[in-house]
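Can you make the complete structure from the sequences, with help from the hints?
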Amino acid sequence: MEKQAKQETIALNGDEAVAFAVKQCDVDVVAAYPITPQTIIVEKFSEYVANGEVQTEFVCTESEHSAMTACLAASATGARTFTASASAGLALMHEMLFVTSGCRAPVVMAIANRALSAPLNIHGDQSDSMAERDSGWIHIYVENAQEAYDSIIQAFKIAEDVDVSLPIIVGLDGFTVSHTLENVDVLSEDAVKQFVGERQLPNVLTHEGKTVPFKLDPDNPMTMGPIAFQNYYFEFKRQQEEGMKNALKRIQEVNTEYAKVTGRSYGNGLIDAYKLEDAEIAVVCVGSTSGTLKVIVDELRQEGVKAGLLRLRTFRPLPVEELRKALSNSTAVAVMDKSMSFGGFGGAVFTEVRHALYDDKKHPFIVNYIYGLGGRDYSPRELRTIFEELTNIARTRHVESQIHYLGLRE
Amino acid sequence: MSREKSWKEISIAGVCSKSSVGFMTGDWKTYTPIRDLEKCTKCLTCVMFCPEGAIKWRPEMGDIEFDFSFCKGCGICANECPTKAITMKIEGE
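Residue numbers (my numbering), protein chains in the order written: chain A, 1 to 410; chain B, 1001 to 1093.
Hint data in this document are derived by calculation from the structure and do not stem from the laboratory.
Hints are all accurate, no fakes.
Here are a few chain A residues that face chain B, going by a calculated C-beta distance under 10 Å: (1) A228; (2) N231; (3) F236; (4) G243.
Within a straight-line C-alpha distance of at most 25 Å, the following computed SDA-like cross-link-like pairs (lysine to any residue) qualify: (5) K210(A) to M1024(B); (6) K1008(B) to L205(A); (7) K237(A) to I1012(B); (8) K1005(B) to Q240(A); (9) K1056(B) to E208(A); (10) K1008(B) to G209(A); (11) K1018(B) to A76(A); (12) K1018(B) to F229(A); (13) K1005(B) to I227(A); (14) K1029(B) to T223(A); (15) K1008(B) to A228(A); (16) K1018(B) to Q240(A); (17) K249(A) to K1008(B); (18) K1008(B) to T223(A); (19) K245(A) to K1005(B); (20) K237(A) to W1007(B); (21) K1018(B) to D217(A); (22) K1018(B) to H207(A); (23) K1008(B) to F98(A); (24) K1005(B) to L201(A); (25) K1018(B) to P218(A); (26) K1018(B) to D163(A); (27) K1008(B) to E235(A); (28) K1005(B) to V212(A); (29) K1018(B) to V99(A); (30) K1005(B) to Y233(A); (31) K210(A) to E1009(B); (32) K210(A) to V1021(B); (33) K215(A) to S1017(B); (34) K1072(B) to C1043(B); (35) K1018(B) to L205(A); (36) K1008(B) to Q240(A).
DEER-style ranges, computed between Cβ atoms: (37) L216(A) to L1044(B): 25 to 33 Å; (38) S63(A) to K1056(B): 36 to 44 Å; (39) T77(A) to M1048(B): 21 to 29 Å.
Glycine included, C-beta positions come from ideal geometry on N, C-alpha and C.
Right, here's the structure in full:
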């Protein structure tokens, strides 16, 4: 049994918590381009570099496309690599996100979630990273600055696992988390280094017939990122899916290992359930909204309403079995989406959660609430109306409308 | 013919388990470099500039040699040659 490490409480906003974690993780290369609301991460880390507090090679690129390209190249040499972005910056990386996951480069990227133009908007919603859900990256979304710090440390250990070898996005809600000052318990640099360890490399067979660690190395030359056409492309994509399956297991293990060191865990690492066991009505959300929702669940419980909450922490890989187990006993469930899938049947999270439960014979009624777009505020009073609608559905066993827009002027 | 392998049998990320030396990447070029031996001073500028490494210095011959199996006919050697000793001719002409 490992002994819990000593910790210190300091005041950090979400972005600073990310930069602080990166500083402690002994990262070799950071290539990044600042964009609101991620800017503080890059600024803060630049300060660490300028002050000589880190040995990291910091690359100021001319665009986000270049930033991700530099990260992929650095990661290919075996370097531990980090970047951060948001909104339009992430969208500009789009092409390279697929190349990075396809090259199995375990780059860690923090996304301070922000709306996409047009109209121009700098505020928080999850349209940016949800649009990259099929890019082959692992997606973890955090609730607060503490979890942002913890998740960045965990992210290196998950992504760099030889059986995973996939890049990872850690999403924190723009402004709500990125710019809000909170008390954050931090480990010592030594404790973090010990927890994360050295980067591990999977073995590959090269054209010289040698089995060697997967990295660009003049002593063991190999061809990375070649052409694969009709005969092999499909096989490589199937391998990526296996990496995702392995990540489901690894995320849970790392969550448990981290709890031993810090005393903090986030559900099982995949889903974070709150008063869900006997819940007749439940809300599913991604990100910081769960903070407010917990307060409402507590209020409703005091009033005798069996309400519960499920925060989907890991969106990719989607924890299908865990969602089934956690939600199949409820009668009515509302899934909250802070992004839109125009012309689709509800938002991305709704579509996936509802789909995951389809095969269960006694699955609950499931409705969608789209909310918070472009940073639109959502009050506890408004969030409470979701539970009221769920109570109504559970009582009447009738759904009037599946898709709702919370806080929109009709 | 070797059997094509399953996804479980191959290295990740498309790392090549076979050398690409067997792919004759120069067999579809449009232009071929022709060297004027009288103008060539063997300065080796073309050797340095060839992006394919298809021009080699052969010390035993005291001369350079074009490897047309890999020359793509891009014309960089002709462009860079300080004595204009290399000209590009359309294949087959």
